Every structure is written in structure tokens, then in C-alpha cells.
Amino acid sequence: MKLDIKLPIGLIFTVLGVIFIIYGFFTASDAAFYEKALGYNVNLFTGIVMLVFGGFMLFLAWKDKKKATDN
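Reminder that position 44 of the sequence shown reads as 201 in the working numbering, one-by-one numbering, no gaps.
FYI, nobody ran anything at the bench for these hints, they're computed from the structure. Heads up, some of the hints might be wrong.
Stated by the list, open to error - Here are the simulated lysine-lysine pairs, DSBU-like style, with alpha carbons at most 35 Å apart:
#1 Lys163 with Lys224
#2 Lys163 with Lys220
#3 Lys220 with Lys159
Unchecked claim - Each pair of labels, with its calculated beta carbon distance range:
#4 Ala194 with Lys224: 36 to 44 Å
#5 Val209 with Ile162: 13 to 21 Å
#6 Asp161 with Phe183: 28 to 36 Å
All of these numbers come straight from a predicted model, not from anything done at the bench. Glycine is no exception: its CB is placed at the ideal position from the N, C-alpha and C atoms.
Model the full assembly from the supplied sequences, consistent with the hints where possible.
This is the structure we're talking about:
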């Protein structure tokens with residue numbers, strides 16, 4: 158039995174990325190909230206990176222599953 162953790166990692170990062178992006182959009186107008194971060198919306202940027210990484214992991218899991226069924 159082959160242990161493949163790409164699928165759960167991809168799901169976790171994708172869901173958390175979407176949550177961070179939504180939170181970043183809702184708090185984007187609060188300048189005092191992002192004052193310590195030099196005015197950058199770190200929640201939005203972090204969410205985008207997490208979403209891209211989660212999507213990449215899901216793609217790799219899908220690709221490996223497809224390759225295993227082709228053989």
C-alpha cells in the first residue's frame with residue numbers, strides 16, 4: 158500500500174488559502190490593521206501563495222493517480 162499525502166496536504170492548503178484570501182478582502186480597507194506590515198495585505202498575499210501551492214499539490218496527486226490507473 159502506497160502512502161500518498163499529496164491529496165490531504167493539497168486540500169488543507171487550498172481551503173486555508175481561500176479562507177485567507179476572503180479574510181484579506183474583508184480587511185483590505187482597514188489601513189491601521191496592516192500598519193505593522195508596512196501597508197501590505199499579508200493575508201491576501203499569503204492566501205494566494207497557499208492556494209497556488211495547494212492547487213499544485215492537488216494537481217500532482219491527480220497526475221499520480223492517473224498514471225497509476227494507466228499502468
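Of all the hints numbered above, which does this structure not satisfy? Sort the numbers upward. Going through the list in order, the structure violates no hint and respects every one.
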